[in-house]
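Make a model of the complete structure from these sequences and hints.
Number of protein chains: 2
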Amino acid sequence: MTSKPTLHTSLSPALLHLYDLSNSVVVIIDVFRATSTIASALYNGAKCVIPVDSVARAIEISKNIGGIAAGERDGKTAEGLEHGNSPLEYYRELIENQTLVLTTTNGTRLLQMALDKGADTIISGSFPNLSAVCDYIVAEKKNVVLGCAGWKDRFNLEDTLFAGAVIHRLKNGFTIHCDSSLMAETMYAKNKNNLLKFAPQLTHYHRLVERFGLIEDIRFCLTDDVANVLPLYKEGKLVVH
Amino acid sequence: MTSKPTLHTSLSPALLHLYDLSNSVVVIIDVFRATSTIASALYNGAKCVIPVDSVARAIEISKNIGGIAAGERDGKTAEGLEHGNSPLEYYRELIENQTLVLTTTNGTRLLQMALDKGADTIISGSFPNLSAVCDYIVAEKKNVVLGCAGWKDRFNLEDTLFAGAVIHRLKNGFTIHCDSSLMAETMYAKNKNNLLKFAPQLTHYHRLVERFGLIEDIRFCLTDDVANVLPLYKEGKLVVH
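Protein chains in written order, with our numbering: chain A, -5 to 235; chain B, -5 to 235.
It should be emphasised that the hints constitute simulated quantities derived from the structure, not laboratory data. Check before you lean on any hint, since a few could be wrong.
Given that identical chains are not distinguished, each listed pair holds provided it fits within a single copy or across any two copies.
As the list claims (entries may be wrong) - Keeping only pairs whose Cα atoms sit at most 25 angstroms apart, straight-line, the calculated SDA-like set for lysine to any residue is:
#1 Lys146 - Thr0
#2 Lys(-2) - Arg201
#3 Lys(-2) - Tyr199
#4 Lys111 - Lys146
#5 Lys135 - Thr197
#6 Lys184 - Leu196
#7 Lys111 - Ser48
#8 Lys184 - Asn58
#9 Lys165 - His200
#10 Lys165 - Thr197
#11 Lys231 - Asn137
#12 Lys165 - Asn188
#13 Lys165 - Pro194
#14 Lys165 - Tyr199
#15 Lys165 - Val203
#16 Lys70 - Arg163
#17 Lys231 - Gly60
And the structure:
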């Protein structure tokens, strides 16, 4: 009998160093909204998404390669950029065959951290590509670390709920000895039929909806499989696997 | 109308720096077992508990003042010490009028971190003194940070469940804009009538029960108000308030 691979959930970028990222599939999770936006752009035909850590770098790279510079700071389009971090912004007519150069407060930063800590297989996930994430994980048969981006290192529930959704589907295939994963799956199982009704309780909901009116973004980010592609990180770019 | 004080939950010592500890009541939570042991020792008549960060220091101080050196590393009595971190060890005949000098893997370390980060009011809490903690918090009318000790910076559910128990009782008196607190209270509300049945799912349960056979410790640590005193940190010591 071979033992099952392990699965852990990191609830914040500040906890990522506690987990062994090498020889694991690392799933970057930033439901509101970076990893929903990445799924949306790739689903609608983007050639690739290049995650970068600063606005200056997004502008520089996009100029060099003729890409679309985009990004968000504190929930709104970053100064100096024309495009933000809304998954609904990247409809096919805009993004098809284009390269999106994206910088965000939490998600792209977490991806960089995972690289720095020796991750060799990185994918990105959110509810819009839940099934693609699960299918990839099952096929790989490796250990898994579900990395929640949170908000400026604080725990948030929407990323945890997505981790819980993955665990809910796949838990029988893994050895899970991790209270974070147990909690994530419990929270998801309790709310899975009502994610949209639950959302107004989230701190991030207030930021996005009450300040910026982005209720349609929330709806998209919490809907299963509406942009069901698998973004895999390869040589500096997220591409469809 | 005056606004309500705020309440936040820090899920790991590695997240404590995200919260403003000054002018707050900071609750140190290490259910298995430091803060249960502290409640037990003080309830059974200890003069005070001196939390220290190393075994060497526990031995040195206890020699100087004629106290009882005690502590735990990785779940068992630390090498060189006669007494460990079991709340059941500190019955009245042993501890009355004595000073306990205690060092533990997580709880005493978190207390030191809170001091380093400018906390001025620190109490310790676990299920055995849940009501005393809640009564103190209500009387103080200050902001509250519930600090979970976790396990070597990893999230654990038993500390989170205690945070949830406090929130469950007191939430109407606070402004709570914190996903950690929302999660903690949800997990507690779901399991409150069955904490002992839930416990075998916790990673720490395996460490304590399967490796060390400490089921009676677990039972004590999860029972409300069996050592209902309020340990308050004052000039290097935890004393009954």
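Status of each hint after checking the structure:
When the C-alpha separation of Lys146 and Thr0 is checked against a cutoff of 25 angstroms, the pair qualifies only between copies, where the shortest distance is 19 angstroms, while the shortest distance within a copy is 27 angstroms. With identical chains, the CA atoms of Lys(-2) and Arg201 are at most 25 angstroms apart between copies only, with a shortest distance of 21 angstroms across copies and 40 angstroms within one. For the homomeric pair Lys(-2) and Tyr199, the shortest alpha-carbon distance between copies (21 angstroms) is at most 25 angstroms, but the shortest distance inside one copy (37 angstroms) is not. Proximity of Lys111 and Lys146 under a CA criterion of 25 angstroms is satisfied in both settings, with 19 angstroms inside one chain copy and 19 angstroms between copies.
For a Cα distance limit of 25 angstroms, the shortest separation of Lys135 from Thr197 across copies, 23 angstroms, qualifies, whereas the shortest one inside one copy, 35 angstroms, does not. In the homo-oligomer, the alpha carbons of Lys184 and Leu196 lie at most 25 angstroms apart both inside one protomer (15 angstroms) and across protomers (19 angstroms), since each shortest distance falls under that limit. With identical chains, the CA atoms of Lys111 and Ser48 are at most 25 angstroms apart within one copy only, with a shortest distance of 20 angstroms there and 30 angstroms across copies. Neither within a single protomer nor between protomers do Lys184 and Asn58 lie at most 25 angstroms apart by alpha-carbon distance, with minima of 47 angstroms and 54 angstroms respectively.
Taking the closest pair of Cα atoms, Lys165 and His200 come within 25 angstroms of each other only across two copies (19 angstroms); inside a single copy the shortest separation is 32 angstroms, beyond that limit. Proximity of Lys165 and Thr197 under a CA criterion of 25 angstroms is satisfied inter-copy only: 16 angstroms between copies versus 28 angstroms inside one chain copy. Only within a single protomer do Lys231 and Asn137 lie at most 25 angstroms apart by alpha-carbon distance; the minimum there is 23 angstroms, versus 44 angstroms between protomers. Taking the shortest alpha-carbon separations for Lys165 and Asn188, both the intra-copy value of 21 angstroms and the inter-copy value of 23 angstroms come in at or below 25 angstroms.
For the identical chains of this complex, Lys165 and Pro194 are inter-copy neighbours only, at 17 angstroms across copies versus 28 angstroms inside a copy, given an alpha-carbon limit of 25 angstroms. For a Cα distance limit of 25 angstroms, the shortest separation of Lys165 from Tyr199 across copies, 20 angstroms, qualifies, whereas the shortest one inside one copy, 28 angstroms, does not. Proximity of Lys165 and Val203 under a CA criterion of 25 angstroms is satisfied inter-copy only: 24 angstroms between copies versus 33 angstroms inside one chain copy. When the C-alpha separation of Lys70 and Arg163 is checked against a cutoff of 25 angstroms, the pair qualifies neither within a copy, at 33 angstroms, nor between copies, at 37 angstroms.
Only within a single protomer do Lys231 and Gly60 lie at most 25 angstroms apart by alpha-carbon distance; the minimum there is 15 angstroms, versus 64 angstroms between protomers.
Hints 8 and 16 from the list above are not met by this structure, while the remaining hints are.
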